[in-house]
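Generate coordinates for the entire structure from the input sequences, incorporating the hints supplied.
If you want the building blocks of each chain, they are given just below.
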Amino acid sequence: MARLSLRGIKKRFKAVEVLHGIDLDVNDRELIVFVGPSGCGKSTLLRLIAGLDPITDGEFLLNDKRMNEVAPSRRGIAMVFQSYALYPHMDVYENMAFGARLMGLSKAEVEARIQEATRMLRLEPLLERKPRELSGGQRQRVAIGRALVRKPQLLLLDEPLSNLDAALRSEVRLEIARLHREIGGTTIYVTHDQVEAMTLADRIVVMNGGRIEQFGSPRELYETPANTFVANFIGSPRMAMLGVEREGDRLIAPGIGAISLTRLPSAADRELLMGVRPDGMSISPDLQGEGFAAQVVYTEYLGDSAYVYVKMGEGAPVSIRCTPDTQYAPDTPVKIRVMPDKLHFFSSNTSQRLAV
Amino acid sequence: MISSQLTGRRLWIAALVVPPIAFMCLFLVYPILSAFAYAFYEWHGLARGDFVWFDNFHRVLFEFPFSERTINAFKHNIFVFFALMVLQNGLGFILAYCLWRELWGARFHRIAVFLPVVLSTVIVGLLWKLFYHPLFGAVNATLRAVGLGSLAQPWLGQDSTALTAIVVANAWHMVGFPTLVFLAGMQRIPSEILDAVRMETESEWVKMSKIVWPLVAPSATVVFTLLFVGAFNWFELPFIMGGVDGSPHGATDVLGLYFYRTAFGSMSASAENFGPGSALAVLIFLFIAVVSSVITIRLRKREIQL
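Those protein sequences? They're chains B and G, same order as listed. What the first sequence shows, in full-length UniProt numbering, is residues 1 to 356, in sequence order. What the second sequence shows, in full-length UniProt numbering, is residues 1 to 306, in sequence order.
It is possible that part of the hints are untrue.
List of simulated lysine to aspartate or glutamate pairs, EDC-like, C-alpha gap at most 20 Å [to be verified]:
id, chain 1, residue 1, chain 2, residue 2
1, G, Lys-207, B, Glu-30
2, G, Lys-207, B, Glu-94
3, B, Lys-65, B, Asp-53
4, G, Lys-301, B, Glu-128
5, G, Lys-301, B, Asp-91
6, B, Lys-151, G, Asp-195
7, B, Lys-151, B, Asp-57
Now the stretches of chain G that chain B is said to cover, found in silico as 3 or more residues with beta-carbon under 8 Å [claimed, not checked]:
id, stretch
8, 39-52
9, 77-83
Only some residues are given here: those of chain B computed to face chain G with a beta carbon under 7 Å [what the hints assert, rightly or not]:
id, residue
10, Pro-72
11, Ser-83
12, Ala-85
13, Ser-106
14, Ala-108
15, Tyr-309
16, Met-339
No lab work stands behind these hints: they were computed from the structure. All C-beta atoms in this analysis are idealised placements derived from N, C-alpha and C, irrespective of residue type, glycine included.
Have a look at this one:
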C-alpha cells in the first residue's frame, strides 16, 4: 500500500532553485516514470522522495503521513541506484541481508525474504560472489534484490538501465515490469529515455526545467500532449512542428503551402503551431493539389517501414513514416499531405495545446 | 641513427638512476650489511677481534645485564605500538571521519590537524617537555586552574607516567598523518554507496563500522604498517624527552635507545660495545622486516577494490 502525494515541493541548492513547486498524486500499485532531459530535476525529485536530500519547501505525504522529516531508512522506501551501489566488500547474499537485518527482522524472516528475492531474480548461482565478480546485468539484479528484501512500500529506480548495453536493456525492462506486477507495490522510475518511459509506465511525469510539463498515461501523452515540449519529447522520431497562419478555414504556412480544414482550434489565435507526427503525414511525388512543398533530404530504411526526411522551409528536417518500398533520391521535390484527424495545435505564444 | 638515439636515451636514464642507487647503496645497503657482519665479531673499541659466531646475539638476548635491558626496552616498544595504535591511528580515524562528514569548522580543522606533522621532532620534544614541566608546565597549570591541582604531577619524572607522556606527545605530533591517509581513503568511497547505506540505516555507528571502515582498509594497511615500523624504530622523541638512558630508571627505554647506548657508549653504559650493538640492530631490523611483511600481506587480503 503506498499512495504518494507531493504538495508544492520546492528544492533550492544555496541560491539556485531547481524544483519550482511540484504537485503530484500517485495511486497505490502504479508504476510511475519521471522522464525529462538531463538537468530537468527528475533525479533531484527522486532523492527528495527517498529522503537523501532535504525538501526546501512543500510537503511529501506517503499514505497521508508527512515524510519530510523522516529518515530515509524509516520511510519504507527502497532505492536502486544508477551505479547499483552494491557494497563491494560483501558478497551477494550479504548485500541483500545487510539491510534486512538492520530492519530488526528475525533470522528466519531474513532468510525467507532473501530466498524469495533470489528466486524471483534468479540469483542462486551468484550468492557467494562479490560485486566485482558480476557483470553489469547481474549487479543490476542484485541491486533490485537488495531493494526487494526490504519489502518497501515504494520502490525507487534511478536510471536503472543506463549502464547496460542495448541488448540487455529491453530484457531488464521487461523484467522490471514483471517484478512490479509480482510485488504489487508502487514504483517510481527515473529515466531520460522516452521509449523506456512509454513501454513501462502506467503514468508518466514529463519534467522540464524543474517543473512538471504533463502527467498522464503514455497514451494521453502521445495523443494529447499538453504543450510543445511534451509533443517534441514524447514519440520518436519527433513530431514535426510548423508555424501556420489561419485565414478562415485555411491554414497557411508562408512559402510552403496551405491546407483547408473543417475542424480548427476554437481559440481565436491567428498564428498557430501545427504539429504532426511521422505517421500523420504522407508523401507524394505529385506536386499538384493541396499540401506543403518539401525537398527530400534522405531516406532511412528500417525493414518494416521507412522514414523519409524532408525539409520544409527553414526548419529542421521532418520525418515521415512510409511503406518500406518507398525510395526517393535526395533533393527530389515532393508534396506533403497531412491527415486532419492527426493534427495537434499549440498556441504560438504560450506553447500550450489548443483544443479542436 | 636509431641505435645511437637508443644509447643516448640509455645514458640519460643511467645518469638519472645511478646516483640515487649509489647513494642508497653507500648509506643504506652497506651499513646494514656491515652491521650484519659486525654482529658476528668480537670488538675491542673500534678494533675488530675474532669471529665469534652467535655470541653477541646470545649475550643480547640471554645474558645479564644485556638481556634484562633488551626485554625491558622491547616491552616498552610493544606498549608504545599499542598505545599509538589507539591514540594516533584510532584518533586519526575518528578525526578523519569528522572531517569527512564536514562537521562544523572542518575546513579549519583539516589544516590544524595536519600542522604539527610538519614540525621538527626536536621542536615537538622540547615543547612537550615544557608542557609537562612539574612547576610551570602548561599541563599542570591547566589542572590547577580547573581545580584538579591534586592531579598535577611530574609527568616525565616518574616511572608510572613518563612513557605514556611521551606517547601522548608523539600522538599529538603525528596524528595528522593517519588522519590524512584515512580522509583520502574515505573520499574515494563512491557517494552512491553512502546513499545506499542511508536508505538502510540511520545509525552513524553502523555506517562507520560496517561500510566506511572496511572500505578504507587500504589506508589502514598503510598506517598500521608505518606505525609498526615507527614504534619499533622509535628514537628521537624518547631521546629528546627522556634522554639516552631512558630516564627515569629506564622507564622510557626503548630498543632504539638501548641499541644506541650499547653500540656507541654513554655515561651509564660506559664504552661502546660494537658487537652486541650490531647484534641488537640486526635483531631489530629482522623483527621489523618480518613482522611488517606479515602485517602487510595479511591486511592486503582484507582490502577490497572499489
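Do the hints match the structure? See the list:
With a C-alpha separation of about 32 Å, the suggested pair Lys-207/G and Glu-30/B falls outside the 20 Å cut-off, and the hint is violated. At most 20 Å may separate the alpha-carbon atoms for a hinted pair to count; Lys-207/G and Glu-94/B meet this at roughly 15 Å. Our distance criterion of 20 Å between C-alpha atoms is met by Lys-65/B and Asp-53/B, whose separation comes to about 18 Å. In summary, the hint linking Lys-301/G to Glu-128/B is supported, as the alpha carbons are separated by about 17 Å, within the 20 Å threshold.
Taking the CA atoms of Lys-301/G and Asp-91/B, the gap is near 15 Å; set against the 20 Å cutoff, the hint holds. For the given pair, Lys-151/B sits about 18 Å from Asp-195/G by alpha-carbon distance, which is consistent with the 20 Å threshold. Pair hint Lys-151/B plus Asp-57/B does not hold up; C-alpha atoms about 29 Å apart against a cutoff of 20 Å. With a threshold of 8 Å between beta carbons, the proposed coverage of the stretch 39-52 of chain G by chain B is violated, since 0 of its residues qualify and at least three are required.
Three residues within the 8 Å Cβ limit are the bar, and the stretch 77-83 of chain G against chain B gives 0, so the coverage statement is violated. Because the smallest distance between the Cβ of Pro-72/B and any Cβ of chain G comes to about 5 Å, under 7 Å, the interface hint for this residue holds. A distance limit of 7 Å between C-beta atoms decides the matter here; for Ser-83/B the minimum to chain G is near 5 Å, and the interface restraint holds. Taken as an interface hint, Ala-85/B checks out: its beta carbon lies about 4 Å from the nearest beta carbon of chain G, inside 7 Å.
For Ser-106/B, the suggested interface contact is broken, since its CB lies about 17 Å from the closest CB of chain G, more than 7 Å. Interface restraint check: Ala-108/B against chain G, minimum CB-CB distance 20 Å, threshold 7 Å, status violated. Proximity of Tyr-309/B to chain G is violated relative to the hint, the smallest CB-CB distance being about 40 Å (cut-off 7 Å). Among the interface hints, the one on Met-339/B is violated; its C-beta lies about 47 Å from the nearest C-beta in chain G, farther than the 7 Å criterion.
The structure fails to meet hints 1, 7, 8, 9, 13, 14, 15 and 16 from the earlier list, while all remaining hints are met.
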